[in-house]
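Heads up: the sequence lines are chains Y and X, in that order.
In case it helps, our numbering puts the first sequence at residues 1 to 312.
In case it helps, our numbering puts the second sequence at residues 1 to 374.
One or more hints might be untrue.
[To be verified] Taking lysine-lysine pairs in the DSSO-like style, the calculated list, with each CA pair at most 27 Å apart, reads: (1) X:141 with Y:69; (2) X:326 with Y:65; (3) Y:57 with X:264; (4) X:350 with Y:57; (5) X:252 with X:298; (6) X:333 with Y:57; (7) X:167 with X:154; (8) X:330 with Y:256; (9) Y:69 with X:140; (10) X:167 with X:90; (11) X:350 with Y:12; (12) X:137 with Y:57; (13) X:154 with Y:57; (14) X:154 with X:92; (15) Y:57 with X:167; (16) X:333 with X:264; (17) Y:69 with X:252; (18) X:92 with X:137; (19) Y:293 with X:315; (20) X:298 with X:350; (21) Y:12 with X:333; (22) X:132 with Y:69; (23) Y:218 with X:264; (24) X:140 with Y:12; (25) X:315 with Y:229; (26) X:92 with Y:69; (27) X:137 with Y:65; (28) Y:12 with X:283; (29) Y:248 with X:315; (30) Y:65 with Y:154; (31) X:154 with X:90; (32) Y:218 with X:315; (33) Y:12 with X:326; (34) Y:179 with Y:229; (35) X:137 with X:154.
These are calculated hints, taken from the structure and not from any lab test.
Keep in mind the model is a prediction, meaning the values are calculated, not measured.
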Amino acid sequence: MNILEIQDLTKKFDDFIAVDDMSLAIAEGEIFGFLGSNGAGKSTTINMITGLLRKNKGSIMILGKETSKDSEFVKRHIGLIPQEIAIYEDLTAYENVKFFAGLYGLRGGELHDRTVEALEFVGLTEKQKSYPKTFSGGMKRRLNIACAIAHQPKLIIMDEPTVGIDPQSRKYILQSVHKLNEMGCTIIYTSHYMEEVEEICSRIAIIDHGKIIAEGTKEQLKSLITDSKLIFIEVKSQEAIDVDTIYKIQGVTDVKVDENTVQIHTELGVNNLNQIIDYFIRNQLEIRSLDEKEPNLETVFLTLTGRNLRDS
Amino acid sequence: MERWAILNKLILIFFMGLTLIYQETIGLSWAVLLLLLYLCINICLHLSSRQVLVTLFLLFSMTLSIMGNVHVSALFILLLPLSVVELLDKWKTRTILSFILAIVPVFYVQQEIRAIYVLIAIYTFFTYTMGKFFHEKLVKKEEQLDAMRIMQQKLMKQINENDAYMKQSAYMFKLEERNRISQEIHDDIGHAITGALIQMEAAKRLMRGDQEKAEQLLQNAIGITQDGIESIRLTLKNLKPSIEQVGINRLKLYIDEFQARHDKRTMLTYRGNMDRITHMQWKIIQENVTEALTNSLKYAEASTLIAVDVNVLNKLIRIVVKDNGKGAAKIEKGLGIIGMEERTATLDGKIIIDGNDGFSVTTLLPIQQDEGKS
Numbered sequence: 001m002n003i004l005e006i007q008d009l010t011k012k013f014d015d016f017i018a019v020d021d022m023s024l025a026i027a028e029g030e031i032f033g034f035l036g037s038n039g040a041g042k043s044t045t046i047n048m049i050t051g052l053l054r055k056n057k058g059s060i061m062i063l064g065k066e067t068s069k070d071s072e073f074v075k076r077h078i079g080l081i082p083q084e085i086a087i088y089e090d091l092t093a094y095e096n097v098k099f100f101a102g103l104y105g106l107r108g109g110e111l112h113d114r115t116v117e118a119l120e121f122v123g124l125t126e127k128q129k130s131y132p133k134t135f136s137g138g139m140k141r142r143l144n145i146a147c148a149i150a151h152q153p154k155l156i157i158m159d160e161p162t163v164g165i166d167p168q169s170r171k172y173i174l175q176s177v178h179k180l181n182e183m184g185c186t187i188i189y190t191s192h193y194m195e196e197v198e199e200i201c202s203r204i205a206i207i208d209h210g211k212i213i214a215e216g217t218k219e220q221l222k223s224l225i226t227d228s229k230l231i232f233i234e235v236k237s238q239e240a241i242d243v244d245t246i247y248k249i250q251g252v253t254d255v256k257v258d259e260n261t262v263q264i265h266t267e268l269g270v271n272n273l274n275q276i277i278d279y280f281i282r283n284q285l286e287i288r289s290l291d292e293k294e295p296n297l298e299t300v301f302l303t304l305t306g307r308n309l310r311d312s
Numbered sequence: 001m002e003r004w005a006i007l008n009k010l011i012l013i014f015f016m017g018l019t020l021i022y023q024e025t026i027g028l029s030w031a032v033l034l035l036l037l038y039l040c041i042n043i044c045l046h047l048s049s050r051q052v053l054v055t056l057f058l059l060f061s062m063t064l065s066i067m068g069n070v071h072v073s074a075l076f077i078l079l080l081p082l083s084v085v086e087l088l089d090k091w092k093t094r095t096i097l098s099f100i101l102a103i104v105p106v107f108y109v110q111q112e113i114r115a116i117y118v119l120i121a122i123y124t125f126f127t128y129t130m131g132k133f134f135h136e137k138l139v140k141k142e143e144q145l146d147a148m149r150i151m152q153q154k155l156m157k158q159i160n161e162n163d164a165y166m167k168q169s170a171y172m173f174k175l176e177e178r179n180r181i182s183q184e185i186h187d188d189i190g191h192a193i194t195g196a197l198i199q200m201e202a203a204k205r206l207m208r209g210d211q212e213k214a215e216q217l218l219q220n221a222i223g224i225t226q227d228g229i230e231s232i233r234l235t236l237k238n239l240k241p242s243i244e245q246v247g248i249n250r251l252k253l254y255i256d257e258f259q260a261r262h263d264k265r266t267m268l269t270y271r272g273n274m275d276r277i278t279h280m281q282w283k284i285i286q287e288n289v290t291e292a293l294t295n296s297l298k299y300a301e302a303s304t305l306i307a308v309d310v311n312v313l314n315k316l317i318r319i320v321v322k323d324n325g326k327g328a329a330k331i332e333k334g335l336g337i338i339g340m341e342e343r344t345a346t347l348d349g350k351i352i353i354d355g356n357d358g359f360s361v362t363t364l365l366p367i368q369q370d371e372g373k374s
């Protein structure tokens, strides 16, 4: 079943079209990535999904219900981790989580239990009595996550959760995304860090100028551009290389020898590096360096839009 | 919608008439007069369409029912609620308010018909609002239906146009093919046969005198004829001109023409296997490029260079038209851009418009699996 279905969604700010006739469906259990440069329309889309912004056109259905009609039902099943940290500096970590969980209608013993669970999940149990003033950026982010998940939502939306934090917290957050997903949550993850999206997302939509220009698993996205990767092998001397033998290795589609570098095109998804190296060793060709060039999401984005992800 | 209000009134009048007859009230003639007056006013009311007149008629009908109530029979007040509801609906007040206002006169009504007044008020209110509700729904549905019909017509038109285009391009292909064959017959085979003929003529004359020379000439003629046969074979083998040739050549031609006509340097580059682009895709590419070039010409002030790039990737075709003009911070979607979007969407493609660094229009088209067939 689709947890989220967007149809012809459009949002205009005066003349500026932030989201342009977007349609999208996300199935339950996915980790879905929104990939796009700054200002592509990711946050605007999310704000419309969560009901923070009114849409101009289209429909958004969560668990089969239209968000603008059943907003209370919808909000109960969504957890939003916003881009800007939204916690109260003069409440303790525990009080912060309890406050936000309370907003979703949790009361009494249940409220306490869920608060403790959420704090434990983000690894802040020991810090629960401290004030966020004393927290590092990463800890604040984690507390922010705890506030959004205490009411056990089915759909968790993370809007650039790793902006400006230390590598350790970043790792922690990425791990917790996996954990939440294993616990049955569907996750929408937006980022302009290509590596993160590539690492954790099961399906990805590339968004540019308010439109989804491509969508699919990372393999599908890469295969839009090319089905092969390049292996560069630099050898001491190219004289003894027999191109035809390399051709016979499974997956190899093209071989070029240029000075002392052998350029091998090979199909993506065929693991033949061992056989290739084996050929060089058997023929006593000394390998000086080996480099592999596989298309990544950055290349896909660059090829489709003509711009780098980090450019804005 | 008005039909229901009229029917409502008829039922009310019928009910009052019956009650009046059975009650055998004294002022029966007056009652009949008032009822007829009421009928006249309400007929006028439904006939006129001007807001002021309608309001006046409604107010008049309201006074009539109040007067009737005071002077002739208490029953006349039963006509009031409907007029109130109608009037407030004309003024577009909220329904709940019109309900309250329709029910309020109950406090001024003679005691013996209070209960019946409340019943009538509720009854008229409900029938009227429900009538309105369903009428509005109906209107909305009809609008939707109309919009869909228009859409359908548009799509049908597009299908027909595309059909015509396909037929035309098939015809164009044939024509181009015929030209090519006649050209080749003229250039290669014609020349070859003429050459062979001349040599054979010469050999015939030399046969007696210089047999050796004649033999040489004949050998030449044989060689030329063999070449001719070979070139016939080649011409026939090459029979099918690739879509690629026609498509990219047409685009090239257009861009050369554009460059010559306007003082802009325009470059066309292409990469990848052009063979994978279908007729329909070429049509859209051609149209989008034309549109984007016109846009660049119109809006990109101070641009000196326009680059057109066609790139066939693994599962996508990407066409970029980019100028080095001033670009646009805000992109207004004019008819041109919407047209490109709609065209491209017919083949499941996407358009990206970017005005940050110069102005660029990118068309992305998925490569169709049954390539070359359409």
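Hint-by-hint comparison with the structure:
1. Taking the CA atoms of residue 141 (chain X) and residue 69 (chain Y), the gap is about 20 Å. The hint holds against a cut of 27 Å.
2. For the proposed pair residue 326 (chain X) and residue 65 (chain Y), the alpha carbon gap of about 45 Å is over 27 Å, so the pair is violated.
3. Proposed proximity of residue 57 (chain Y) and residue 264 (chain X) is contradicted: the alpha carbons are some 40 Å apart, above 27 Å.
4. For the proposed pair residue 350 (chain X) and residue 57 (chain Y), the alpha carbon gap of about 19 Å is at most 27 Å, so the pair holds.
5. About 21 Å separates the Cα atoms of residue 252 (chain X) and residue 298 (chain X), which keeps this hinted pair within 27 Å; it holds.
6. Pair hint residue 333 (chain X) plus residue 57 (chain Y) holds up; C-alpha atoms about 16 Å apart against a cutoff of 27 Å.
7. Between residue 167 (chain X) and residue 154 (chain X) the alpha-carbon distance is near 20 Å, which keeps this suggested pair within the 27 Å criterion.
8. Of the supplied pair hints, the one linking residue 330 (chain X) and residue 256 (chain Y) is violated, its CA atoms being roughly 47 Å apart against a limit of 27 Å.
9. The straight-line distance between the Cα atoms of residue 69 (chain Y) and residue 140 (chain X) is roughly 19 Å, inside the 27 Å bound, and the hint therefore holds.
10. Distance restraint check for residue 167 (chain X) and residue 90 (chain X): the Cα-Cα separation of roughly 57 Å exceeds the 27 Å cut-off, and the hinted pair is therefore not satisfied.
11. A distance of roughly 19 Å separates the Cα atoms of residue 350 (chain X) and residue 12 (chain Y); the hinted pair therefore holds under the 27 Å criterion.
12. Simply put, residue 137 (chain X) and residue 57 (chain Y) have alpha-carbon atoms about 20 Å apart, close enough for the 27 Å limit, and the pair holds.
13. A threshold of 27 Å between alpha carbons decides the hint, and for residue 154 (chain X) with residue 57 (chain Y) the separation of about 22 Å falls inside it, so the pair holds.
14. The suggested pairing of residue 154 (chain X) with residue 92 (chain X) is violated, with an alpha-carbon distance near 37 Å, which exceeds 27 Å.
15. Under the criterion of a C-alpha separation no larger than 27 Å, the hint pairing residue 57 (chain Y) with residue 167 (chain X) is inconsistent with the structure, at around 38 Å.
16. Proposed proximity of residue 333 (chain X) and residue 264 (chain X) is supported: the alpha carbons are some 24 Å apart, at most 27 Å.
17. With a C-alpha separation of about 53 Å, the suggested pair residue 69 (chain Y) and residue 252 (chain X) falls outside the 27 Å cut-off, and the hint is violated.
18. Distance hint between residue 92 (chain X) and residue 137 (chain X) is fulfilled; the C-alpha atoms sit about 17 Å from each other, no more than 27 Å.
19. For the proposed pair residue 293 (chain Y) and residue 315 (chain X), the alpha carbon gap of about 19 Å is at most 27 Å, so the pair holds.
20. Distance check on the hinted pair: residue 298 (chain X) and residue 350 (chain X) sit about 23 Å apart at the alpha-carbon level, within 27 Å; holds.
21. Using a Cα cut-off of 27 Å, the hinted pair residue 12 (chain Y) and residue 333 (chain X) holds, with the two alpha carbons roughly 12 Å apart.
22. The hinted pair formed by residue 132 (chain X) and residue 69 (chain Y) meets the criterion: a straight-line CA distance of about 23 Å does not exceed 27 Å.
23. Taken as a hint, the residue 218 (chain Y) and residue 264 (chain X) pair is broken in the structure, with Cα atoms around 40 Å apart against an allowance of 27 Å.
24. Our distance criterion of 27 Å between C-alpha atoms is met by residue 140 (chain X) and residue 12 (chain Y), whose separation comes to about 25 Å.
25. Pair hint residue 315 (chain X) plus residue 229 (chain Y) holds up; C-alpha atoms about 15 Å apart against a cutoff of 27 Å.
26. Taken as a hint, the residue 92 (chain X) and residue 69 (chain Y) pair is honoured in the structure, with Cα atoms around 25 Å apart against an allowance of 27 Å.
27. Pair hint residue 137 (chain X) plus residue 65 (chain Y) holds up; C-alpha atoms about 22 Å apart against a cutoff of 27 Å.
28. Between the alpha carbons of residue 12 (chain Y) and residue 283 (chain X) the distance comes to roughly 31 Å, so the proposed pair goes past 27 Å and is violated.
29. With a C-alpha separation of about 26 Å, the suggested pairing of residue 248 (chain Y) with residue 315 (chain X) holds against the 27 Å cut-off.
30. Between residue 65 (chain Y) and residue 154 (chain Y), the direct Cα distance comes to roughly 14 Å. Compliance with the 27 Å bound is thereby established for this hinted pair.
31. The straight-line distance between the Cα atoms of residue 154 (chain X) and residue 90 (chain X) is roughly 38 Å, outside the 27 Å bound, and the hint therefore fails.
32. Between residue 218 (chain Y) and residue 315 (chain X) the CA atoms are separated by roughly 14 Å; this keeps the pair inside 27 Å, and the hint holds.
33. The straight-line distance between the Cα atoms of residue 12 (chain Y) and residue 326 (chain X) is roughly 24 Å, inside the 27 Å bound, and the hint therefore holds.
34. Annotation: proposed proximity of residue 179 (chain Y) to residue 229 (chain Y) is violated, straight-line Cα distance about 32 Å (limit 27 Å).
35. Of the supplied pair hints, the one linking residue 137 (chain X) and residue 154 (chain X) holds, its CA atoms being roughly 26 Å apart against a limit of 27 Å.
Taken one by one, the earlier hints fail for this structure at numbers 2, 3, 8, 10, 14, 15, 17, 23, 28, 31 and 34, listed in ascending order.
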